[in-house]
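*Asks:* What follows is each chain in one-letter form.
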Amino acid sequence: MSVQSNDQAALAAGIRKSDKPLGRNDLARLVARDIKPGSFVNLGIGQPTLVSNYLQPEQNITLHTENGMLGMGPEATGDQIDGDLINAGKIPVTELPGASYFHHADSFAIMRGGHLDICVLGAFQVSATGDLANWHTGAPDAIPAVGGAMDLATGAKDVFVMMTLLTREGVSKLVETCTYPLTGIGCVTRVYTDKAVFLTGPGGVQVRETFGCTLEELQDMVPVPLTAAPAVGG
Amino acid sequence: MSVQSNDQAALAAGIRKSDKPLGRNDLARLVARDIKPGSFVNLGIGQPTLVSNYLQPEQNITLHTENGMLGMGPEATGDQIDGDLINAGKIPVTELPGASYFHHADSFAIMRGGHLDICVLGAFQVSATGDLANWHTGAPDAIPAVGGAMDLATGAKDVFVMMTLLTREGVSKLVETCTYPLTGIGCVTRVYTDKAVFLTGPGGVQVRETFGCTLEELQDMVPVPLTAAPAVGG
Amino acid sequence: MLNFPENVNEAVAGIQDGSTVMIGGFGNAGQPFELIDALMDCGAKDLTVVNNNAGQGDQGLALLIKEGRVKKMICSFPRQSDSWHFDAKYHAGEIELELVPQGNLAERIRAAGAGIGGFFTPTGYGTMLAEGKETRILDGRGQVFETPIHADVALIKALKADGKGNLVYRKTARNFGPIMAAAAKHTIVQVSEIVPTGGLDPEIIVTPGIYVNSIVKVA
Amino acid sequence: MLNFPENVNEAVAGIQDGSTVMIGGFGNAGQPFELIDALMDCGAKDLTVVNNNAGQGDQGLALLIKEGRVKKMICSFPRQSDSWHFDAKYHAGEIELELVPQGNLAERIRAAGAGIGGFFTPTGYGTMLAEGKETRILDGRGQVFETPIHADVALIKALKADGKGNLVYRKTARNFGPIMAAAAKHTIVQVSEIVPTGGLDPEIIVTPGIYVNSIVKVA
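Quick note, the sequences are listed as chains A, B, C and D, same order.
Residues 1 to 234 (our numbering) make up the first sequence, in order.
Residues 1 to 234 (our numbering) make up the second sequence, in order.
Residues 1 to 219 (our numbering) make up the third sequence, in order.
Residues 1 to 219 (our numbering) make up the fourth sequence, in order.
Extracted from the complex, chain A is given alone in its bound form (with noise of 0.2 Å):
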């Protein structure tokens, strides 16, 4: 397949594209625009946090943090600053009109019983199935730690991801199988990089939307096959 034909599959799929890779918070933009009105959503710790920068009032969006709190607002800035009020990022946050507390058993019962419509998390790999590693480097000394990772990753409807495509040597974070240790199994549909948006499921990684290369390019860059998602994407 030729750059060409390639790139008009692409055009004919409707595939968006943009001239430059993304910076992070052009991609937190995308991924807040990306939740439907109405939605509940988690957001890890991390870049994903910066998601909450751009979501719009008129999306009436409803932040759940882990530690036993919906309606979460932004971060807390002078005066609003309560050692009682903090995210799972252990971040000082506010409480916006409508939210609400409960225990911690409570509050995984939201995560775990499938009622987040979205979150958003950081990630090390994730594999053309969706599988998801983003706890633990696998280094023999490291310290392993897990908080609410697997717990966000097999109980959200919809998992999105946020990272780089490529690490600082330059090699896939997507991959044809996660050689890090599993968060979670075929729990991912969505990856947004800075390089292009993916779907994955189990029809395989479809490209919704490329930044600063075609998909030839990418394709080139990742080592499991890509398709142009189908028009409808969103």
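The reader is advised that the hints may include incorrect statements.
[To be verified] Okay, derived cross-link-like pairs now, PhoX-like style, lysine-lysine, Cα gap no bigger than 20 Å in a straight line:
no., chain 1, residue 1, chain 2, residue 2
1, C, K45, C, K66
2, A, K157, A, K36
3, D, K66, D, K45
4, C, K185, A, K36
5, B, K36, D, K185
6, D, K45, D, K72
7, D, K217, D, K160
8, C, K185, A, K157
9, D, K185, B, K157
10, C, K217, C, K160
11, D, K185, D, K45
[As the list claims (entries may be wrong)] Far from chain B, some chain C residues (derived; all Cβ distances over 12 Å):
no., residue
12, N7
13, D37
14, K66
15, H186
The hints are simulated quantities; they were obtained by calculation from the structure and are not laboratory data.
Values in this document were obtained by computation on a predicted structure and should not be read as measured data.
Don't be surprised by glycine CBs; every beta carbon is placed ideally from N, CA and C.
Dock chains B, C and D against the given chain A, drawing on the hints supplied.
*Replies:* Only chains B, C and D this time, still in chain A's reference frame:
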């Protein structure tokens, strides 16, 4: 063993006696007196409910009702009646200071998690090893209905049974093996009847006190071996 | 998405034939009478109903049973002095009964909402209600394996809701409401009052709005 | 029986060597710092500690670990930027670690309080944290068998208690408190305020007094 020798054994053991069978209210008074101060207690529907009439304020007993309340007060009368405040027998009740409400799973977690000190239940039969049958006659046309009986029988630290010792036909309800369908296995620790108080457990059936009969006369009514309880009962 | 139907009939309009419907309440406390009447009116049939009891008198659930709309009851205490419609259907072999100890009923409903695939409990061990069920000894006690009870719809009653669907209840009317709301795919709540978002103290909310789909105010 | 010790040292005096101690809190929110300090002072050793983390900085649980009083940690997230005392003990092979996904930790603690002998959950299925554990397919999903975590003692923090031991918490400081109170044989609570019995609305009580043994007011 002669009547006399048996009674001497009872006397030596400090067994308590009264000269006539106990009525339902006297039995309820006795059970109430036996509940240790500060206990959390669930009183079953029917005869056990009478016990609440004889609990003394200084005993500081907290009553649980499985439909979601601790700190239940006496039956409601007149203006106190509130359709949203009922007990497990669906009778309007009142709320004492320090009461709390919770949902059904939390309420049964209190019972099933072993947090109740005592529950008091009626029974069709109790076996020598403390098996309880109190929910189903086993009649083929009877509609079975169990409610919370099995949870109480299995969950409370001590299960006290209140019943007449004999059926209307004069058959002992304290039996070697229950013939009615079981509610729980080896769960009953005491049996309060009109004719005697029995302690059940791995050591067999011990008689703590008799009402209007000798230990030997009691033994004639009951098809399981009886011994006098050691002096320190209560 | 949360919605606020105009009336109970609109609220239950989507209930399909063959659905599993959880109905809250213990005795009259917490029973969503108006929603049950609307379920009667809407015509849905072949229902599996989860409730602590199996209807009383000539109203509500008892009427649904009388009209043959309930193919199966999952409950802990079907036999009451005034449960004559259930009694008649049961003796005629026209309704299926799954009898569940009340604590297992509550825990199985809770398990469905909490994503638990099954659990072991001592309740019922060695009794006829454990016949045919897997058992094992855990913590030195005989225990029975029980599975979650999921539902398509829950009909419950709360005291107040806010604009986010958060709920508070009143006294022992709370009973099955919170766990049924979490266990059902679609939860319909009748309330006495709807307050603006922010009108309920976040510390006292019993059911967070994430578990609620439709709220209808009943006079 | 509920008691009200004069101070935190009296409150923890009965904790034995070899005990399993649950400690509430997530981050600093809900951490019973004064009770942990008293546990340090009381000298109890060979402890198994259940907490979400494994101590931070040079205070509280981190200090207990540093002093070699903790033989085993059961937690979900031991590795933090300032968990150097745990790190050192772990690398020296002087502390045992049972790493548990946070939701399994919460659910296993809840199971202990609720009398559940064990349960199946999809969390961890197919991962190294399920290695050696029983699994089965339920509801079409791979699930892992998990068992309850019981404790001898729970040390937790609440906002207020009444004379019956009923508790209310504050914001996300609630976290593990209610489930640990139910899972431990003996629950010791530090509160900011003790109000007269009847001073807490029965509708808003989060932990009923039945789960509480000792309450100590901390300035």
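*Asks:* Hints first: check each against the structure and report whether it holds.
*Replies:* Results for each hint:
1. C/K45 <-> C/K66: 12 Å, holds
2. A/K157 <-> A/K36: Cα-Cα ~13 Å, so holds.
3. D/K66 <-> D/K45: 12 Å, holds
4. C/K185 <-> A/K36: Given that 20 Å is the threshold and the Cα spacing comes to 19 Å, the pair holds.
5. B/K36 <-> D/K185: It holds: about 19 Å lies between the C-alpha atoms, which stays within 20 Å.
6. D/K45 <-> D/K72: 11 Å, holds
7. D/K217 <-> D/K160: 9 Å, holds
8. C/K185 <-> A/K157: 13 Å, holds
9. D/K185 <-> B/K157: Distance ~13 Å between D/K185 and B/K157 Cα, so the pair holds.
10. C/K217 <-> C/K160: 9 Å, holds
11. D/K185 <-> D/K45: 18 Å, holds
12. N7: Holds: least Cβ distance 23 Å, greater than 12 Å.
13. D37: The claim holds: C/D37 sits with its nearest Cβ about 17 Å from chain B, beyond 12 Å.
14. K66: Given that every Cβ of chain B is farther than 12 Å from that of C/K66, nearest at about 16 Å, it holds.
15. H186: 19 Å, holds
Every hint from the earlier list agrees with this structure, and none is contradicted.
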